[in-house]
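Put chain B on the given structure of chain A with help from the hints.
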Amino acid sequence: MKPEELKNHEKELYYFQLRVGFAGVAVLVAFALLFARFFQLQVVQHDTYAAKAEDNRISIVPIAPNRGLILDRNGVVLARNYSAYTLEIFPAKVKDVERTIQELGEVVEVQAKDRSRFRKLYAETRNAESLPIRTRLTDEEVARFAANRYRFPGVEIKARLFRQYPHGDLASHVIGYIGRINQKDQERLEELDVEANYRGTDFIGKAGLEASYQQELHGTTGMEQVEIDAAGRGIRTLARTPAQAGNNITLTLDIKLQEVAEAAFGDRRGALVAIEPSTGGVLAFVSKPGFDPNLFVDGIDPQSWAELNNSPDRPLNNRAIAGVYPPGSTFKPYLALAALESGKRTFKSAINDPGYFEFGGRRFRDSKPGGNGYVDMFKSIVVSSDTFYYQVANDMGIDAIAGFMAKFGFGARSGIDLDGEAVGVLPSPEWKQKRFHRPEQQKWYAGETISIGIGQGYNAYTPIQLAVALATLAADGDMYRPHLVSHIDNLRTGERRSIEPVLLRHVPLKAENLDFVKRAMASVNKEGTGARAFASALYTNGGKTGTAQVIGMKQNEKYDEKKVAERHRDHSLFIVFAPLESPKIALMVIVENGGFGARAAAPIARVVLDYYLLGKMPEGDQPGAPKPAVDEDAEEND
Amino acid sequence: MELAQLAPRRLAARLFAGIDGTLLALSLLLVALGLATLFSASYEQPGRVSAQVANLAVALAAMWVVARIPPQTLMRFAVPAYFIGLVLLVAVALAGEVVNGARRWLHVGVMRFQPSEIMKLALPMMLAWYFHKNETALRVRAFAVAGLLLAVPVLLIARQPDLGTAVLVAAVGFYVIFFAGIGWKVLVGLGVLGIGSLFPLWGMLHDYQRRRILTLIDPTQDPLGAGYHTIQSTIAVGSGGLTGKGWLHGTQTHLEFIPERHTDFIFAVFSEEFGLIGNALLITLYALLIARGLMIAANAPTFFARLLAASVTLMFFTYAFVNMGMVSGILPVVGVPLPFISYGGTALLTLFIGIGILMSVHSHRRLVQT
Chain A
1 MKPEELKNHE KELYYFQLRV GFAGVAVLVA FALLFARFFQ LQVVQHDTYA
51 AKAEDNRISI VPIAPNRGLI LDRNGVVLAR NYSAYTLEIF PAKVKDVERT
101 IQELGEVVEV QAKDRSRFRK LYAETRNAES LPIRTRLTDE EVARFAANRY
151 RFPGVEIKAR LFRQYPHGDL ASHVIGYIGR INQKDQERLE ELDVEANYRG
201 TDFIGKAGLE ASYQQELHGT TGMEQVEIDA AGRGIRTLAR TPAQAGNNIT
251 LTLDIKLQEV AEAAFGDRRG ALVAIEPSTG GVLAFVSKPG FDPNLFVDGI
301 DPQSWAELNN SPDRPLNNRA IAGVYPPGST FKPYLALAAL ESGKRTFKSA
351 INDPGYFEFG GRRFRDSKPG GNGYVDMFKS IVVSSDTFYY QVANDMGIDA
401 IAGFMAKFGF GARSGIDLDG EAVGVLPSPE WKQKRFHRPE QQKWYAGETI
451 SIGIGQGYNA YTPIQLAVAL ATLAADGDMY RPHLVSHIDN LRTGERRSIE
501 PVLLRHVPLK AENLDFVKRA MASVNKEGTG ARAFASALYT NGGKTGTAQV
551 IGMKQNEKYD EKKVAERHRD HSLFIVFAPL ESPKIALMVI VENGGFGARA
601 AAPIARVVLD YYLLGKMPEG DQPGAPKPAV DEDAEEND
Chain B
1001 MELAQLAPRR LAARLFAGID GTLLALSLLL VALGLATLFS ASYEQPGRVS
1051 AQVANLAVAL AAMWVVARIP PQTLMRFAVP AYFIGLVLLV AVALAGEVVN
1101 GARRWLHVGV MRFQPSEIMK LALPMMLAWY FHKNETALRV RAFAVAGLLL
1151 AVPVLLIARQ PDLGTAVLVA AVGFYVIFFA GIGWKVLVGL GVLGIGSLFP
1201 LWGMLHDYQR RRILTLIDPT QDPLGAGYHT IQSTIAVGSG GLTGKGWLHG
1251 TQTHLEFIPE RHTDFIFAVF SEEFGLIGNA LLITLYALLI ARGLMIAANA
1301 PTFFARLLAA SVTLMFFTYA FVNMGMVSGI LPVVGVPLPF ISYGGTALLT
1351 LFIGIGILMS VHSHRRLVQT
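Chains A and B are the protein sequences, given in the same order.
Numbered per my numbering, the first sequence spans residues 1 to 638.
Numbered per my numbering, the second sequence spans residues 1001 to 1370.
It should be emphasised that the hints constitute simulated quantities derived from the structure, not laboratory data.
From a predicted model like this one, the values you see are computed outputs, not experimental measurements.
All residues carry an ideal CB built from backbone N, CA and C; glycine is no exception.
Check the hints yourself; a few may be wrong.
Reference excerpt, derived from the structure (chain B facing chain A, CB under 10 Å, subset only) [stated by the list, open to error]:
{"#": "1", "residue": "Thr1136"}
{"#": "2", "residue": "Ala1137"}
{"#": "3", "residue": "Ala1180"}
{"#": "4", "residue": "Gly1240"}
{"#": "5", "residue": "Ser1271"}
{"#": "6", "residue": "Gly1275"}
{"#": "7", "residue": "Thr1284"}
{"#": "8", "residue": "Arg1306"}
{"#": "9", "residue": "Leu1307"}
{"#": "10", "residue": "Thr1313"}
So here's chain A without its partners, still in its complex pose (with noise of 0.2 Å):
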């Protein structure tokens, strides 16, 4: 080898060993930057990605818990759970929903209204797993579509627990019913705070006592902690918290009496409450019409909605508090202990009734033409006179009556242990400059005083409201909120909590005014408008019918029911306690567009009253209506 050569190689060899050189460093550089990025990722984020590998791993499963059972006061299961087979579909999982349900009818029915429901549960129910196309499959079903369950990604059969309410349409109103938890739901329930308590669990209580008592109802929600591979499947079980059931509740409500009560209505509308007037708990609670509490809770089909919702008999509506109604005559024997009590009137207070109460030149007429002749303050209730109680009302005034009936609740919320009571009105000037906007209505007239004595006017009261005032009278001025729960069962503890009466209130009055008027409250339902009805009751009581117009009659036109349509007739009511000596009830009822008291609600009233208090089961075929079964002439005067 040539000197030059050798140098040239020498060289050569001197600028590749500098490019190795080169090359050790940037891959030193290199690996420092990967082990950086290690750094970074390792013990930097580690916490990060510690916890995101256990979401991975780690799935909270929630475990619903079972609602609570509601009894009656006798342990009369009202509303339990059922285990039944669903047919449910994944929306997320399935392609074509529309085909999915048209291939499943081929397996197992499906009928117009499985999917008119499935449409509008998919519509309206939040972020829904899956949702039933069908729910209580047959063995023979299920073991269909288990052989064709290859043909059905995101279709599965569930074993679910379903709310039975084995008594139907009976104390509908009472229980009322549970359904898919909507929107609404969803944000009322994240308001409250206790939405994690609800994973897992697709219905609440959406009416009734089903919806007041939902905390007590629905329970704790479990947790199983399930190890889960790549592909969601569980591997193993890490750590379980059982669900806790809901607390059973037990009512005050009697269903047989209940039963005895909704029989005796018939096919009539109206309402009924029974109340026991030492604690305010409730015995008897009917709204008519009602309604199958069954049908919601799957989810109600369309068909059966609108049914529901566009009847004329509005059965949802509950009218035991959410109507309101004139009191009609049943006003009377509190506006007599109001003059009592204020020394407007004495025991002795008469007066010679011409038929008719004259005030500024207007007449305002009695129920019985030509009037009671001469009628005294225990006659004025006996025989129910309008002429001696629009004198009363205009003697008082209409400050001095507002404020009396207050105390007895009239014109505000019972606060009965159910949602969507209505305040009703207390007519009072007060009231009306609040109601009204402009001067000229919002001025109150004298004479507008005197048709309030009979219970007509402004005044508007719901049932709860009337039996609870009945009831503090009943009871000597102790007023009971009245309470359909008498106790809540924790199953897991076996602790039970009773539900206290709560005294409102103690109405002060004086013992011979309240005996005075219980005295002429009994002689009603002895000689009076009620007589008839209470014939031959085999314990003391009293009572008071009423008739509340629904339409008003002008000065000289005489009411006609014959002529009037069927919904513009009167209503018919009655309130009655028994016994006389310590009542143990207090009932009020209501017949809409029934006519007199004493006609349609007050043989309803001795119907419940028999049973409840001896026993007694209504005779006959049709035990809610017997027949039109009192004279005329007394039933005039109403």
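This is chain B only, laid out in the frame that chain A set:
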């Protein structure tokens, strides 16, 4: 008696002639880590570990053979190997088997293989041979020819499409050109040109390749699709922490969240179970292996041997860096195995032939003269 003692010793000496203990120890240490990781990654398919051991036996035999061949002899294989490789690549393009939308495999009798694998070593050999032949007159023309020799197989592989292998083969070819002494200015110029050509290149990419690149920038864009690999492997690495979850205790691995956990993503398994400490050990082993390779290259007697040794060494680096980079989410997901660790016979064979080449260069370093 003396003979009886001597004979085995001489036999051993002859058997291990040309075998570099350092390289062998480092590569076997890496393989051992790989087998342990593979055992964990394939708990449900235990056959994989023994299959990999069989692959290892074949690879070691190949290494043993190559290590004994002097570089001068190796040089003679360069041209035929390159052209055979080229012909096979064309054959793949015409009659290859399509797997997962890519035409990469060629059936020869009962076995099938990827001809692109041959190019990983044939290309650097070819280029080294070419530069060696033109050693005295390395002008622009020589580099242009080298560029052409590189471009043809790389484009053929990229068209299959197999972006990972194309990048690796291109990288190895580039290393040869770099070590052959291409001017720094030309290098910078090519670099600028390369970046400039990215834009038209983007148009040539397949959808899945584009998606892989896009999801690299933001894997969360497509967490269940193209981003899934990266997200899950990053979680595996990150959740490993400093010391790892322990061998056989990686939850990401054992609950099958890591896709391709035996092959391209085996580093996620390793990293999850052995943590940052394990990673540091792995990087150190690679660094030592590369250092050893570069030392051998620096002391190699001939231009061919130098270029081949240096480029093969950097090939190990490129494999390791690209693989660990993609698993830890800083490089796009391209199909590159982790050297000596990932499951797979062909890759292991190529790697140990590479080790054999280094050994050959090392043991023949004093046999100067061409």
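Could you check the structure against the hints above and give me the numbers of any it violates, in ascending order? 2
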